[in-house]
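Below, each chain spelled out in residue letters.
Number of protein chains: 2
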Amino acid sequence: MRNILVIGSGQSSSSLITYLLNKSISENLHITVADVSLELAKSKVGNHENGTARSLDILNETERKETIKNADIVVSMLPAHLHINVAKDCVEFGKSMVTASYISNEMKALHVEAVEKNLVLMNEIGLDPGVDHMSAMKIIDEIREKGGKMLLFESFCGGLVAPESDDNLWNYKFTWNPRNVVLAGQGGAAKFLQEGTYKYIPYHKLFRRTEILKIDGYGKFEAYANRDSLKYKSIYGLDNILTLYRGTIRRVGFSRAWNVFIQLGMTDDSYTIENSEHMSYRDFTNSFLAYNPYDSVELKLGYYLKIDQDDIVWDKLTELDIFNGTKMVRLKNATPAQILEKILRDSWSLKENDKDMIVMQHLFGYELNGEKQQIESSMVCIGDNQTYTAMAKTVGLPVAIATLKILNGEITTPGVQMPISKEVYEPILKELEENGIVFHEKKGPYLGYNPERVTG
Amino acid sequence: MRNILVIGSGQSSSSLITYLLNKSISENLHITVADVSLELAKSKVGNHENGTARSLDILNETERKETIKNADIVVSMLPAHLHINVAKDCVEFGKSMVTASYISNEMKALHVEAVEKNLVLMNEIGLDPGVDHMSAMKIIDEIREKGGKMLLFESFCGGLVAPESDDNLWNYKFTWNPRNVVLAGQGGAAKFLQEGTYKYIPYHKLFRRTEILKIDGYGKFEAYANRDSLKYKSIYGLDNILTLYRGTIRRVGFSRAWNVFIQLGMTDDSYTIENSEHMSYRDFTNSFLAYNPYDSVELKLGYYLKIDQDDIVWDKLTELDIFNGTKMVRLKNATPAQILEKILRDSWSLKENDKDMIVMQHLFGYELNGEKQQIESSMVCIGDNQTYTAMAKTVGLPVAIATLKILNGEITTPGVQMPISKEVYEPILKELEENGIVFHEKKGPYLGYNPERVTG
Chain A
15 MRNILVIGSG QSSSSLITYL LNKSISENLH ITVADVSLEL AKSKVGNHEN GTARSLDILN
75 ETERKETIKN ADIVVSMLPA HLHINVAKDC VEFGKSMVTA SYISNEMKAL HVEAVEKNLV
135 LMNEIGLDPG VDHMSAMKII DEIREKGGKM LLFESFCGGL VAPESDDNLW NYKFTWNPRN
195 VVLAGQGGAA KFLQEGTYKY IPYHKLFRRT EILKIDGYGK FEAYANRDSL KYKSIYGLDN
255 ILTLYRGTIR RVGFSRAWNV FIQLGMTDDS YTIENSEHMS YRDFTNSFLA YNPYDSVELK
315 LGYYLKIDQD DIVWDKLTEL DIFNGTKMVR LKNATPAQIL EKILRDSWSL KENDKDMIVM
375 QHLFGYELNG EKQQIESSMV CIGDNQTYTA MAKTVGLPVA IATLKILNGE ITTPGVQMPI
435 SKEVYEPILK ELEENGIVFH EKKGPYLGYN PERVTG
Chain B
15 MRNILVIGSG QSSSSLITYL LNKSISENLH ITVADVSLEL AKSKVGNHEN GTARSLDILN
75 ETERKETIKN ADIVVSMLPA HLHINVAKDC VEFGKSMVTA SYISNEMKAL HVEAVEKNLV
135 LMNEIGLDPG VDHMSAMKII DEIREKGGKM LLFESFCGGL VAPESDDNLW NYKFTWNPRN
195 VVLAGQGGAA KFLQEGTYKY IPYHKLFRRT EILKIDGYGK FEAYANRDSL KYKSIYGLDN
255 ILTLYRGTIR RVGFSRAWNV FIQLGMTDDS YTIENSEHMS YRDFTNSFLA YNPYDSVELK
315 LGYYLKIDQD DIVWDKLTEL DIFNGTKMVR LKNATPAQIL EKILRDSWSL KENDKDMIVM
375 QHLFGYELNG EKQQIESSMV CIGDNQTYTA MAKTVGLPVA IATLKILNGE ITTPGVQMPI
435 SKEVYEPILK ELEENGIVFH EKKGPYLGYN PERVTG
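Respectively, the protein sequence lines represent chains A and B.
With my numbering, you'll find the first sequence wraps up at 470, consecutive numbering, no jumps.
With my numbering, you'll find the second sequence wraps up at 470, consecutive numbering, no jumps.
Think of the hints as simulated: they come from the structure by calculation, not from any bench.
Errors might be hidden in some of the hints.
Where chains are identical, the list cannot tell them apart; a pair therefore holds if satisfied intra-copy or between any two copies.
Using 30 Å as the maximum straight-line C-alpha spacing, the simulated DSS-like pairs for lysine-lysine come out as follows [unchecked claim]:
no., residue 1, residue 2
1, K160, K102
2, K56, K79
3, K228, K444
4, K314, K228
5, K245, K346
6, K79, K247
7, K346, K247
8, K320, K234
As the structure is a prediction and not an experimental result, all values here were calculated from the model.
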C-alpha cells in the first residue's frame with residue numbers, strides 16, 4: 015500500500031479525494047485525509063476501506079511532521095500561505111508534494127534542495143493556475159514545434175453559474191470565495207500588451223474596458239483584464255509577443271452594473287463605516303451620495319452616476335435590495351466591502367440544486383510559413399451538484415492526476431515545478447478529457463486587432 | 015543675547031528668518047540659521063549683524079547635539095520626519111522647540127518629559143496646520159463663551175496663483191510641492207459629516223464632488239474634501255456637531271478637468287511605465303486608452319471619458335501638451351504620477367515675477383439663545399515676490415511669532431502643544447494682523463444645507 019496524504023478537505027477537495035479513492039484498489043493506495051475539522055475529513059472519505067480521516071492542526075509541528083513522515087506523497091489543499099509549512103517538512107522527510115497555488119518566494123527557495131533529494135514539488139496545478147497553464151502550453155508548444163512564431167496570446171477564465179441555474183439579472187452567483195469577488199481587480203492597475211503597445215487600466219475603469227468573447231453553444235461572455243498579464247511573457251517564453259492579455263469572464267452586462275459599486279466606493283476594504291451595525295441597506299447606499307434629505311437615494315444615485323431611468327442597471331440594483339430601508343446590515347465596524355459582500359450573499363448564494371460552470375478560452379495568434387493564423391481553444395465544465403461542482407472538478411482532478419503520476423514515476427522532473435512542460439501537461443490533459451474536461455479547438459485566419467483595417 | 019537656532023532654510027523659512035532678524039536688535043537676539051546647504055543658509059541671513067549661517071547635517075549626532083546645546087530655543091523647518099531627532103535633543107538639553115508640522119506619535123511620546131522639564135514643544139503652527147487652528151478656535155471659543163452650541167464647522171484652505179499672475183486656463187500654478195499636488199486625495203476615502211450623516215467619497219470621485227465658496231473681492235472658488243475631516247471632532251471639541259467638513263481650495267473648473275487625469279490613471283504612483291524614457295507626451299496619454307491605430311488619441315480619450323467636443327476641458331488638456339507627439343518624457347522607469355508631474359511643471363511653474371496667493375475660509379454654524387446663526391471668516395494673503403511668497407509668510411510668520419513669545423515667557427504651557435488655546439492664538443493672531451494676515455468675519459442667519467427647505 016502506498017500512502018497519499020491529503021491535507022485540507024474543503025470544497026475543492028471533493029473530486030480530488032473521490033478520484034484517489036476510486037483508484038485506490040487498482041493502484042494499491044491508502045488515502046489519509048487530514049483536516050482541522052475531523053467531521054469535514056470524514057464527510058469526504060465516507061466508509062471507503064482504503065481511506066482514513068483524521069484531524070490535524072497544521073501549526074502543531076510535532077503532529078504535522080509525524081503525519082507527513084508516514085506518507086509517500088503529500089497533497090496540500092490548505093490556504094496558500096500555509097503550504098510552506100508542509101513543503102519544508104516534505105523536503106526534510108524526502109516526500110514529493112502537490113499544490114494548486116501560485117509558487118511563493120518561500121516555496122521557490124526550496125528548489126535546489128528538492129532537486130538534490132530528487133523530489134517533485136508540483137504547484138499551480140489546479141484550474142487557474144493549472145488547467146490554464148497546461149492547455150495553453152500544449153498549443154504554444156505545438157505552434158513552436160512546427161516553426162511558428164507567436165504573435166498573440168489571450169486567455170480568459172471565469173467561475174459562473176450554469177445556464178440551467180441562472181435565474182437572476184446579473185447572470186452570476188458566488189461559486190467561489192465571495193470576498194475575492196468583491197475585491198477583484200484592486201491593488202494596482204491592470205497591465206497588458208496590445209499589438210506591441212503597453213496598456214494600463216486603473217481599478218476604477220477596469221469594469222468599463224471589457225472584451226467580448228463567444229463560446230459555441232454558450233453564447234457571448236465578457237472579460238475584464240487581470241492585473242498580471244505581463245508575467246506570462248517569461249513563464250510561457252513569449253518574449254517577443256505583440257499581444258498578451260488575461261481576463262476574468264462574466265456574463266455580458268455584469269461589469270457595467272458592477273461598476274456602480276466601484277464608482278460609489280462600496281468595494282473599498284480599507285476603512286470601516288461609522289455605525290454600520292444599525293444601518294439599513296438604503297442607509298449604506300446613501301452614505302456614498304451627496305447629503306440632501308429632500309431627494310431620494312435613487313435619484314441622487316442616478317444623477318451622480320448618469321444612469322438613464324430605463325437602464326437595466328436599475329433592475330439589477332433593485333434586485334439586490336440596495337435601496338431597501340428595512341433590511342439591516344447588522345455587521346459591527348464593517349468595511350464597505352464587507353457590507354457589500356453581505357448584501358450580495360443574500361442574492362447570489364447557490365440554491366440547493368444549483369450547478370456552477372467553469373469557462374475557459376485561449377486565443378493564440380501566430381505566423382507560420384509566412385501566413386498569419388489563429389487558434390481558439392475553449393473549455394466549459396458544468397458541476398454535477400453542490401459536492402462535485404465544476405470548480406471542485408477542475409481544481410481537484412488535475413491535482414489528483416498529477417499526484418498519482420508523480421507517485422507512479424510518470425512525472426519525474428524534480429524541484430519546484432509548475433505544469434508547463436510536455437512531460438506533465440500531455441498525460442494530465444489526456445486524463446482530464448476522459449473525465450469530461452475537454453478543450454475544443456478552432457483554427458482560422460489571424461484576426462488581431464481591427465483585422466479589416468477599417469479607417470476613416 | 016538670546017540664541018535662536020533655525021534648522022532648515024528652505025522656501026518657507028524666508029519670512030520666518032527675516033522676522034526674527036528684524037526683531038533681533040530690539041529683542042536682543044542672535045539668529046543661527048543651519049542648513050545642510052551653507053549657501054542656502056547664507057542667502058537667508060544676508061549680512062545681518064545678528065545672524066549667523068552655518069552648515070549642519072541633521073543626521074550627524076555630535077554636530078546636531080552641539081548646535082542645539084548652544085541655543086536658547088530651536089525652530090525646526092526640516093521635512094516632517096526629521097523633527098523627532100531635533101525634538102529628542104531639545105528635551106535632553108532643556109530647550110523649547112517650534113515646528114509647523116503635524117504632531118507625530120513619536121513627538122507625542124515626549125509630552126510627559128517636556129512637561130516635567132517645563133519645555134514648550136509647539137507644533138502645527140504654520141499655515142495648515144497652524145493659522146487654521148488658531149483662526150477657527152478663536153471663533154469656536156467665542157461662540158462657546160456666549161453659551162452657543164456648535165452645529166456646523168467647514169474649513170477650506172488652498173495655495174493658488176495670485177489673480178495678477180493667473181494666466182493659464184487652469185487658474186493654477188505650483189506654489190508648493192508639485193508631487194503632493196499630483197498625489198492629493200490618494201490613500202483612502204474622504205470622510206466627513208453632513209447634518210449628522212457620515213459621508214464617504216472614494217478617490218476616483220473626489221474631484222467630482224466639490225463644494226463652492228465665495229470670498230468678497232476674489233470671487234468664486236471650489237473645494238474638494240480632505241481625507242481627515244473627522245479627526246477635528248476631538249481636536250476642537252466638536253463632539254456633537256452635525257456638519258464637519260474640511261476641503262482644499264482650487265479655482266472653479268480645476269477639479270472637473272483634473273478628474274480626467276484621475277480617470278485615465280495618470281496620478282498613480284504605484285507602478286512604473288514600460289519604456290517611459292522614450293515616450294512622447296502623446297504616447298503617455300495613449301497608454302491609458304484602448305488600442306486602435308486608426309483612431310486618434312484625442313477621439314479615443316473624448317469617447318472614453320464622454321467629453322463633449324466643445325467642452326473647455328479640451329483647451330485645458332491641450333494647453334498642457336498631453337497630445338504633443340514630439341515632446342519627450344525623458345524619465346527612466348517613471349511612475350504615471352512622476353510623468354504627469356513633469357508635464358505639469360512645464361506649464362504650471364511660477365515665472366520670475368509671478369506671485370502666489372493663500373486663501374482660507376471657515377464657516378461656523380451655531381445655536382445661541384434659541385436662534386441659529388452663522389459666521390463666515392475669510393483670509394486672503396498675496397505674496398510679495400518669489401522670496402516672500404504668501405506661503406512663506408503664512409507658514410513662517412506664525413512660527414516666528416510663537417518662537418519669540420515662548421522665548422519671552424508669554425506662551426508658557428509646557429508639553430507637546432498645538433495652537434488651540436487662547437493663551438497661544440490670541441496674541442499670535444493679533445500680531446499676524448499687524449503683518450497683513452487678516453481674517454474678515456461676516457455674521458448671518460444659519461444656512462446649513464438646503465436652508466429654504468425646498469422639496470418636490
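Verification of the hints:
no.: 1; hint: K160 - K102; in the structure: neither (41 Å within a copy, 71 Å between copies)
no.: 2; hint: K56 - K79; in the structure: within (21 Å within a copy, 69 Å between copies)
no.: 3; hint: K228 - K444; in the structure: within (25 Å within a copy, 73 Å between copies)
no.: 4; hint: K314 - K228; in the structure: between (36 Å within a copy, 25 Å between copies)
no.: 5; hint: K245 - K346; in the structure: between (39 Å within a copy, 21 Å between copies)
no.: 6; hint: K79 - K247; in the structure: neither (38 Å within a copy, 54 Å between copies)
no.: 7; hint: K346 - K247; in the structure: between (44 Å within a copy, 22 Å between copies)
no.: 8; hint: K320 - K234; in the structure: both (26 Å within a copy, 26 Å between copies)
Of the numbered hints given earlier, the model fails hints 1 and 6; all others are met.
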